[in-house]
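Enquirer: Listed below are the residues making up each chain.
Protein chains: 2
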Amino acid sequence: MSDLPEEFRRIARHFRPLAAPEALDLLDDAALLTPPPGRDLVLTADAMVAGVHFLPDDPPDLVARKLLRVNLSDLAAKGATPLGYLTTVSAPHGTEDAWFAAFAAGLAEDQRQFGIALLGGDTTATPGPLTLSLTCLGHVAHGGMVRRVGARPGDGVWVTGTIGDAALGLRALQGDLPDPDGHLADRYHLPQPRLGLVRPDLVAACLDVSDGLIQDLGHLCRAAGIGAEIEAARLPLSDAARRAGPDWLETCLTGGDDYELLMAVHPVAEPAIPSALPGIRLTRIGAFGGATIRVLDAAGIAMKLQRGGWSHF
Amino acid sequence: MSDLPEEFRRIARHFRPLAAPEALDLLDDAALLTPPPGRDLVLTADAMVAGVHFLPDDPPDLVARKLLRVNLSDLAAKGATPLGYLTTVSAPHGTEDAWFAAFAAGLAEDQRQFGIALLGGDTTATPGPLTLSLTCLGHVAHGGMVRRVGARPGDGVWVTGTIGDAALGLRALQGDLPDPDGHLADRYHLPQPRLGLVRPDLVAACLDVSDGLIQDLGHLCRAAGIGAEIEAARLPLSDAARRAGPDWLETCLTGGDDYELLMAVHPVAEPAIPSALPGIRLTRIGAFGGATIRVLDAAGIAMKLQRGGWSHF
Numbered sequence: 000m001s002d003l004p005e006e007f008r009r010i011a012r013h014f015r016p017l018a019a020p021e022a023l024d025l026l027d028d029a030a031l032l033t034p035p036p037g038r039d040l041v042l043t044a045d046a047m048v049a050g051v052h053f054l055p056d057d058p059p060d061l062v063a064r065k066l067l068r069v070n071l072s073d074l075a076a077k078g079a080t081p082l083g084y085l086t087t088v089s090a091p092h093g094t095e096d097a098w099f100a101a102f103a104a105g106l107a108e109d110q111r112q113f114g115i116a117l118l119g120g121d122t123t124a125t126p127g128p129l130t131l132s133l134t135c136l137g138h139v140a141h142g143g144m145v146r147r148v149g150a151r152p153g154d155g156v157w158v159t160g161t162i163g164d165a166a167l168g169l170r171a172l173q174g175d176l177p178d179p180d181g182h183l184a185d186r187y188h189l190p191q192p193r194l195g196l197v198r199p200d201l202v203a204a205c206l207d208v209s210d211g212l213i214q215d216l217g218h219l220c221r222a223a224g225i226g227a228e229i230e231a232a233r234l235p236l237s238d239a240a241r242r243a244g245p246d247w248l249e250t251c252l253t254g255g256d257d258y259e260l261l262m263a264v265h266p267v268a269e270p271a272i273p274s275a276l277p278g279i280r281l282t283r284i285g286a287f288g289g290a291t292i293r294v295l296d297a298a299g300i301a302m303k304l305q306r307g308g309w310s311h312f
Numbered sequence: 000m001s002d003l004p005e006e007f008r009r010i011a012r013h014f015r016p017l018a019a020p021e022a023l024d025l026l027d028d029a030a031l032l033t034p035p036p037g038r039d040l041v042l043t044a045d046a047m048v049a050g051v052h053f054l055p056d057d058p059p060d061l062v063a064r065k066l067l068r069v070n071l072s073d074l075a076a077k078g079a080t081p082l083g084y085l086t087t088v089s090a091p092h093g094t095e096d097a098w099f100a101a102f103a104a105g106l107a108e109d110q111r112q113f114g115i116a117l118l119g120g121d122t123t124a125t126p127g128p129l130t131l132s133l134t135c136l137g138h139v140a141h142g143g144m145v146r147r148v149g150a151r152p153g154d155g156v157w158v159t160g161t162i163g164d165a166a167l168g169l170r171a172l173q174g175d176l177p178d179p180d181g182h183l184a185d186r187y188h189l190p191q192p193r194l195g196l197v198r199p200d201l202v203a204a205c206l207d208v209s210d211g212l213i214q215d216l217g218h219l220c221r222a223a224g225i226g227a228e229i230e231a232a233r234l235p236l237s238d239a240a241r242r243a244g245p246d247w248l249e250t251c252l253t254g255g256d257d258y259e260l261l262m263a264v265h266p267v268a269e270p271a272i273p274s275a276l277p278g279i280r281l282t283r284i285g286a287f288g289g290a291t292i293r294v295l296d297a298a299g300i301a302m303k304l305q306r307g308g309w310s311h312f
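Residue numbers (numbering that gives the first Met the number 0), protein chains in the order written: chain A, 0 to 312; chain B, 0 to 312.
So that you can see chain A by itself, here it is in the shape it has in the complex (with noise of 0.2 Å):
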């Protein structure tokens, strides 16, 4: 190969050993996959940019990591079995191959975790900052896709894990928090998909908390033209964010990249949600129904919030 150019070397020495069989050692400019018979696929792309949606010294695995993490976790609340994906990379010149081995390494890291491999994508080189974006293919049972639409009067709010850790961790990151075990660095470094918890029969509506749970909770309210009540003191919050104190309530209640799943679930299906997903905590924190979204404080207070959610514009 030494008189192919720079670029097919790095995709034969980085991402070739990726390759899903279907991704035919990736020389062909396109991946042929045979669809699971009897399965929808559902698909789904995200962009990064550095200092964006991450920072420029972030870790290049942990980069990579997270690339493909918020789009399984896109199909975690489709209830979706991730299949594999797609990703172009848009280097700044002269980016150093260390930099492409450590990105590899981390998608590779992710592939053994998740079970799926990489089927194609594309490398160019940029002017600008590193330009990230991947799609991601996964598949359902036929018909048995959860939406965003489906929430009713009565259903349970319910969110995964717990929420605001990320956007604590971005702040930690910057200077205006501490966070001595790096707990909340890890969380906006690395997101957890909550595969294998949504399934049709359990969850009425669901998505993943990218742009902030007042936002998100606002998409599922819309989608269903209802609104929705909780309470932030049950507002699921690790150990870290408790002690950052009352101050950081409403950074954790509206900063993105919790990647956590919220739904709607039916009052019959709410006893199974607690334990449907090993070692995972499941946490009703209010009801839909009326026509707002309110937040209530310990007192039962509706509290103002500044702002709902992120917007990339």
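Calculated from the structure, these hints are not laboratory results. Not one of these hints is a red herring.
One-sided and incomplete, this derived list gives chain B residues near chain A with beta-carbon spacing under 10 Å:
{"no.": "1", "residue": "F7"}
{"no.": "2", "residue": "L26"}
{"no.": "3", "residue": "D27"}
{"no.": "4", "residue": "A29"}
{"no.": "5", "residue": "A30"}
{"no.": "6", "residue": "A44"}
{"no.": "7", "residue": "D73"}
{"no.": "8", "residue": "T87"}
{"no.": "9", "residue": "G120"}
{"no.": "10", "residue": "P128"}
{"no.": "11", "residue": "L206"}
Here are the simulated lysine to any residue pairs, SDA-like style, with alpha carbons at most 25 Å apart:
{"no.": "12", "chain 1": "B", "residue 1": "K303", "chain 2": "A", "residue 2": "E5"}
{"no.": "13", "chain 1": "B", "residue 1": "K303", "chain 2": "B", "residue 2": "G226"}
{"no.": "14", "chain 1": "B", "residue 1": "K303", "chain 2": "B", "residue 2": "E230"}
{"no.": "15", "chain 1": "A", "residue 1": "K303", "chain 2": "A", "residue 2": "G288"}
{"no.": "16", "chain 1": "A", "residue 1": "K303", "chain 2": "B", "residue 2": "E5"}
{"no.": "17", "chain 1": "A", "residue 1": "K303", "chain 2": "B", "residue 2": "P4"}
{"no.": "18", "chain 1": "A", "residue 1": "K303", "chain 2": "B", "residue 2": "F7"}
{"no.": "19", "chain 1": "B", "residue 1": "K303", "chain 2": "A", "residue 2": "F7"}
{"no.": "20", "chain 1": "B", "residue 1": "K303", "chain 2": "A", "residue 2": "E6"}
{"no.": "21", "chain 1": "B", "residue 1": "K303", "chain 2": "A", "residue 2": "P4"}
All C-beta atoms in this analysis are idealised placements derived from N, C-alpha and C, irrespective of residue type, glycine included.
With chain A fixed as given, assemble chain B onto it according to the hints.
Expert: Positioned in the frame of chain A, the structure of chain B alone reads:
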């Protein structure tokens, strides 16, 4: 939707009208696709960066159409029928709404032309140049995809259309070459994916010419473990390229961005090729065989080329 951040309003305004039914109005962060029964899926992804793959002041509708068409061209080379696409757009802070309107209008135009629709994607801001990524899905009969590997000694080297116009068009746009009727610039801005030509009974191996004819011929040869000999005098040139004169021949041979198809065709199938895609010129420029790639000039002497093609790094 007045309580929604601008990012979501922009998606609703410009991208929702492009959405396939499977895109669920772009409200779900995921598309839900029932694959065509008995067909294999073909998946391809490409990234494009302003200033690298297109000129920063190129019209946004043409940028959109080129982004879509470079991927459709990959599907064409595989013999696949396009199904739909996901795209991510990382636009500089402050990009005006009119830019998104024009970009979406370009996608809409080509969606009509190629019978496909948007399945999903993402929009983000960037402090860098406009950076685009697109993943395209197509389908082929099970087992019927044409690959890069497959050329055998004695197969003809065939190309669609004319070669070199896009590279000359870029130079014309940079002021290095006259282009009175804009033909060359048009060919740079708007590739013509040659869908509907490639079938496994006609074409033994194929790719689209994106890196330059010689480099892409090298890809076919390397996959097959053989060489090829082509005659520069047989290269199909447009009138505009002929007018540029012989000094530009090497640019035509090695320049990128043509997105014409380069094929290996078994002698038995060759008689069917010239009329296989109505309205499109199909030209035999040489044959596979030997151990190296040789380009003969009009006198039958092997040309020495300065460079083999284009790599983005």
